[in-house]
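Chemist: Each chain, written out:
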Amino acid sequence: MTDATAEFVPGRRSLLTVDDRTRRRNAAEARFRLYGLAAVTVALIALALLLVSIFANGVSAFRQTYVAIPVTLDAAKLDKSGKLDPAVMAKVTTVGYAPLLTKGLQAAMEENGISDQGLKAKAIGALISQDAAAQLRNMVLADPTLVGQTISFEALASGRIDGYFKGRVTMESAKLDSNVSPEQLALADALKEADILHSRFNMGFITAPDASEQRPEAAGLGVAILGSLYMMIVVLVLSLPIGVAASIYLEEFAPKNRFTDLIEVNISNLAAVPSIVYGILGLAIFINFAGLPQSAPIVGGLVLTLMTLPRIIIPARAALKAVPPSIRDAALGVGASKMQSVFHHVLPLAAPGILTGMIIGLAQALGETAPLLLIGMVAFVREYPGAPPEGFFDPASALPVQVYNWTQRADPAFVERAGGAIIVLLIFLVTMNAAAILLRRRFERRW
Amino acid sequence: MNAVKFTVSALALAAAAGAADAREQIQIAGSSTVLPYAAIVAEAFGENFEFPTPVVEGGGSGAGRKKLCEGVGENTIDIANSSSRIKQSDIDLCAQNGVNEIMEVRIGYDGIVFASDINGAAFALTPADVFLALGAKVAKDGALADNAAKSWAEVNAALPAQDILAFIPGTKHGTREVFDTEVLLAGCKANGAYDLFLAASAGADDDAKKKDAEKGCLTTRTDGVSVDIDGDYTETLARIAANKNGIGVFGLSFYQNNTDKLQVATMDGVTPSVETISSGDYPVSRPLYFYVKKAHLGVIPGLKEYIEFFVSDDMAGPDGPLAEYGLVSDPELAATQAAVAEETPMGPLE
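Those protein sequence lines, which keep their order, are chains A and B.
Quick note: my numbering has the first sequence finishing at residue 448, numbered continuously throughout.
Quick note: my numbering has the second sequence finishing at residue 368, numbered continuously throughout.
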């Protein structure tokens, strides 16, 4: 203090001339701004890198190569009895259908005068996905009258051929690759020339179920999207009423004593518990004790509800707290009961904040994998879950789970699929967060 | 107390609805090595039969067997995939929880290969080379010494003068067991270190000495030359892509799907392939199994059909899709098929 007074000589300082001390303070401020700017820049660069790498890897998953060929559904092969009885025809497995596709492709090659590059029938057939035989079989069993006709059929091209047109597989890599040969790629080029092979938007990536490692081209997100949707419904239906009721009670009605303090501390602690812990809890309570089925969205939803609840209660309480006491006083003053003042005045005013917290909690729950690991949802599931409410008990997978599964597969084609799945997940998350921001902008009142 | 009431009633509702709902699909869990094969069979099963596609989970062999032994009932799994044989402790746990009859089904063999970057030098290894490169203590001039080898050429003059760096499966992997016994232990014995460990052991009897010696053989270097990979083969592949000097341990099927990025090392002069493994020329392989809870046969629709379909010639045979993916077909498949058809439960372990 004495130094400062010694330095300060009244009358000799002007606000217009910058002295040392001011210069230092200004420099400190400029440095701080720079640090802030640097921090934001680093964050933005990280985000940009993330998005670029995801999109560069994943966008190609939304396009797929298809083969359009005429297929003759040979009655002698598919329906030996000649009675068109679906029960009898079901005995012909996909192994019986695959040669028909190969023949169809050979016929199309002949028609367009494309040489077979010296390839055997099996190698030519390998250009078509194994999934196509199953598709064709389902089509025939659904409509047995097709037997004996020649239909035009669009089949998926196999993963390596699709990878060739996307640049993942090259002539050089094919020489070393045991799953595809350069001759097959040359044939694919010729087929593309003749417009038998074409690529288009791949709706199957959104709607189809997962596929095994032998047919990455057929793998889709259908079951995962449905599973995630069902879980979010469970989370919403359970955590919204419970969370809002709990926060209203704690904020407006509960007496302030040691017990409620304890509850408050516990809620804050629960919000910070790692999500895998909820998975362990879910396994013990919902599956082992309550006897709920494994891999079911209902269990996933219940586990995620437990995880989300504290994360909803905290912002909901903050929103209720932000409503000024004058509103409550005014309501009470004109004769409203405590309950009326809360439900007619405080809650509507706090609703935008509560909803924002809710949506952000849901978005977090949507991206969780760890708790699902223990309740059997990190699995290979191909059957769509049924319509709710029974569907909640059918096995399903979830979007982040699908990403995790696909990154572990041996076939490089799944890398692209995983990228695509991340894009779909990001779209959902961005939509939900945008909705939260929109709600806040629209309805929030500032005091 | 609102929240508590809500939760309790929601739980009660959910439990009631769950109990009323019978399980229709088969539930499978276990080894991530068997997972792709099981997924291929499950997919084909769902397509060609009237039953729904089974649900296949990973999680590891040990975890799968433990889940199988949790008890009998619709909320427990039906089949555990396993890349190593069931242990007595698993069987005891099963018996304790009322799972008395288990069927053991061997589906085929899996080869374990060493592979390095496609553009790097080629390797022709022997188990002794691998042990000399990765063992913590090796035999040198008739005595045990800390392993100080820096390059492969120091280990064996015939190998390339490239820094030693190996990515081996972590201890929780089933693959590690095979790597330990078929490569490290075999190399240790060939090198002579095993006898030295045996002589140096302070164990009370022969058994304890043997255990000591095995432990000595299986201890790998900790100076960063031998890296345990706890993740999947995709992680090993990524590590090799980032470090071209590295050599990694893979399953044969994984290597066959990535032949454009990896080159495989020969072992004792034999190139690993489905043929050399089934003939027994390639030394490093292991049987793959799945275990079926017999009490669930006839209760879970399609379970018997699924296991019969799995071991049928169309699937697990030498020309089936599993062999195409890298499974080495079991020469005794016919015996397995007969055992499955008769639902023979497994006897006590030898």
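A couple of the hints might just be wrong.
[To be verified] Taking lysine-lysine and the DSS-like style, the derived pairs with C-alpha atoms no more than 30 Å apart in a straight line are: (1) K92/A - K262/B; (2) K312/B - K81/A; (3) K190/B - K262/B; (4) K193/A - K279/B; (5) K167/A - K322/B; (6) K123/A - K279/B; (7) K262/B - K176/A; (8) K279/B - K176/A; (9) K190/B - K167/A; (10) K78/A - K279/B; (11) K92/A - K322/B.
[As the list claims (entries may be wrong)] Label pairs and their computed distance ranges (CB to CB): (12) H199/A - N261/B: 37 to 43 Å; (13) K105/B - G387/A: 35 to 41 Å; (14) T237/B - Y250/A: 55 to 61 Å; (15) K121/A - E326/B: 28 to 34 Å; (16) H199/A - E326/B: 46 to 52 Å; (17) V278/A - E195/B: 52 to 58 Å.
Since the hints were made in silico from the structure, they are not lab data.
Ideal placement from N, C-alpha and C gives every residue a C-beta, glycine not left out.
Chemist: Using the C-beta atoms of K121/A and E326/B, is the stated range 28 to 34 Å upheld?
Modeler: The hinted range 28 to 34 Å holds for K121/A and E326/B, with Cβ atoms some 31 Å apart.
Chemist: Does the alpha-carbon distance linking K78/A and K279/B stay inside the 30 Å limit?
Modeler: Violated, at about 41 Å.
Chemist: The hint says 46 to 52 Å between H199/A and E326/B; measuring C-beta to C-beta, is that right?
Modeler: Check failed, 41 Å falls outside 46 to 52 Å.
Chemist: Compare the distance between the alpha carbons of K262/B and K176/A with 30 Å, and conclude whether the hinted pair is satisfied.
Modeler: The hint holds at about 21 Å.
Chemist: For the pair we were handed, K92/A and K322/B, check the Cα-Cα distance against 30 Å.
Modeler: 18 Å, holds
Chemist: Is the distance from the Cβ of K105/B to the Cβ of G387/A consistent with 35 to 41 Å?
Modeler: With Cβ atoms ~39 Å apart, the hint holds.
Chemist: Given the proposed pairing of K190/B with K167/A, does the C-alpha separation stay at or below 30 Å?
Modeler: Violated, at about 37 Å.
Chemist: Range hint 52 to 58 Å: satisfied by the CB atoms of V278/A and E195/B?
Modeler: 31 Å, violated
Chemist: Does K262/B lie within 30 Å of K92/A when you go C-alpha to C-alpha?
Modeler: The given pair, whose Cα atoms are some 51 Å apart, is violated under the 30 Å limit.
Chemist: Verify the proposed pairing of K279/B with K176/A, using a straight-line Cα cut of 30 Å.
Modeler: 11 Å, holds
Chemist: Mind checking the hinted window 37 to 43 Å against the Cβ distance between H199/A and N261/B?
Modeler: 41 Å, holds
Chemist: For a C-alpha distance cap of 30 Å, please report whether K190/B and K262/B respect it.
Modeler: 26 Å, holds
When the structure is compared with the earlier hints, violations turn up for hints 1, 2, 5, 9, 10, 16 and 17 and for no others.
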